[in-house]
Amino acid sequence: DSGVTQTPKHLITATGQRVTLRCSPRSGDLSVYWYQQSLDQGLQFLIQYYNGEERAKGNILERFSAQQFPDLHSELNLSSLELGDSALYFCASSVDQQASNYGYTFGSGTRLTVV
Amino acid sequence: GQNIDQPTEMTATEGAIVQINCTYQTSGFNGLFWYQQHAGEAPTFLSYNVLDGLEEKGRFSSFLSRSKGYSYLLLKELQMKDSASYLCAVSSGLAGKSTFGDGTTLTVKP
Numbered sequence: 061d062s063g064v065t066q067t068p069k070h071l072i073t074a075t076g077q078r079v080t081l082r083c084s085p086r087s088g089d090l091s092v093y094w095y096q097q098s099l100d101q102g103l104q105f106l107i108q109y110y111n112g113e114e115r116a117k118g119n120i121l122e123r124f125s126a127q128q129f130p131d132l133h134s135e136l137n138l139s140s141l142e143l144g145d146s147a148l149y150f151c152a153s154s155v156d157q158q159a160s161n162y163g164y165t166f167g168s169g170t171r172l173t174v175v
Numbered sequence: 002g003q004n005i006d007q008p009t010e011m012t013a014t015e016g017a018i019v020q021i022n023c024t025y026q027t028s029g030f031n032g033l034f035w036y037q038q039h040a041g042e043a044p045t046f047l048s049y050n051v052l053d054g055l056e057e058k059g060r061f062s063s064f065l066s067r068s069k070g071y072s073y074l075l076l077k078e079l080q081m082k083d084s085a086s087y088l089c090a091v092s093s094g095l096a097g098k099s100t101f102g103d104g105t106t107l108t109v110k111p
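So the protein sequences, as listed, match chains A and B.
Counting from 1 along the first sequence, just add 60 to a position and that's the residue number in my numbering.
Counting from 1 along the second sequence, just add 1 to a position and that's the residue number in my numbering.
No wet-lab data here; the hints were simulated from the structure.
Check the hints yourself; a few may be wrong.
Residues of chain A clear of chain B, computed beta-carbon distances all greater than 10 Å [stated by the list, open to error]:
hint, residue
1, S62
2, L103
3, P130
4, T173
Only pairs whose alpha carbons sit at most 30 Å apart, straight line, appear in this in silico DSSO-like list of lysine-lysine [to be verified]:
hint, chain 1, residue 1, chain 2, residue 2
5, A, K117, B, K77
6, B, K82, A, K69
7, B, K58, B, K82
8, A, K117, A, K69
Ideal Cβ placement from N, Cα and C applies to all residues, glycine included.
The whole structure should be built from the sequences, with the hints applied where relevant.
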């Protein structure tokens with residue numbers, strides 16, 4: 061157990077639907093990052109939060125949104141889902157923004173399948 | 002933008018040494034990470050380089066040359082369990098976000 065908790069582990073939903081993925085960072089970590097990993101592709105950066113504030117944004121679609129709450133957990137909302145959104149969605153956390161020396165701690169991911 | 006290149010696949014023999022290269026182009030460089038990812042699992046942190054030179058950690062070592070935009074991960078005394086994808090990631094900018102390469106799939110054969 062890495063200390064980063066992601067729920068649910070698996071999600072199957074239909075096109076056009078909306079889902080929410082949840083992430084609780086490791087205790088003491090203030091930064092949360094969301095990444096998308098499609099089949100046979102690398103990790104694509106979506107968005108980063110630090111202590112409740114958005115810090116950096118990647119190629120996140122307008123249909124996707126996220127937030128970090130006062131208790132530091134984060135949610136990634138995916139709407140108007142398309143088949144191409146099927147992927148592993150990872151949440152990672154780090155104690156600070158630079159993630160120096162210890163890198164990111166990743167959760168086990170949410171596997172989203174859109175049918 | 003950022004560009005990170007690493008070989009797609011490599012094969013090596015159990016007990017041997019393998020070097021996985023990574024080249025990058027970025028602005029606002031903070032540091033470079035290496036992660037290991039087994040199929041279907043989460044990436045796990047291996048090493049971090051912020052200054053030029055070699056960092057050794059057991060069987061794994063990582064090297065960085067900032068002027069050349071180059072890093073490598075050296076794996077010694079390969080074991081079957083080292084078969085995995087190895088991800089090079091560059092941290093940049095004030096926010097310190099990491100951009101990942103597509104990963105190098107290493108297959109260790111008996």
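Here is what the structure says about each hint:
1. At roughly 7 Å from the closest C-beta of chain B, the C-beta of A/S62 falls inside 10 Å, breaking its exclusion from the interface.
2. Consistency note on A/L103: stated as away from chain B, yet its beta-carbon is not over 10 Å from all of that chain's, at 4 Å minimum.
3. Annotated as non-interface, A/P130 keeps its C-beta farther than 10 Å from every C-beta of chain B; the closest such distance is 20 Å.
4. Its beta-carbon lying about 14 Å from the closest one in chain B, A/T173 satisfies the requirement of being farther than 10 Å from that chain.
5. Annotation: proposed proximity of A/K117 to B/K77 is violated, straight-line Cα distance about 37 Å (limit 30 Å).
6. Annotation: proposed proximity of B/K82 to A/K69 holds, straight-line Cα distance about 24 Å (limit 30 Å).
7. Of the pairs offered as hints, the one joining B/K58 and B/K82 holds, with about 17 Å between alpha carbons and a cut-off of 30 Å not exceeded.
8. Note on A/K117 and A/K69: the hinted pairing holds, with a Cα-Cα distance of about 24 Å set against a maximum of 30 Å.
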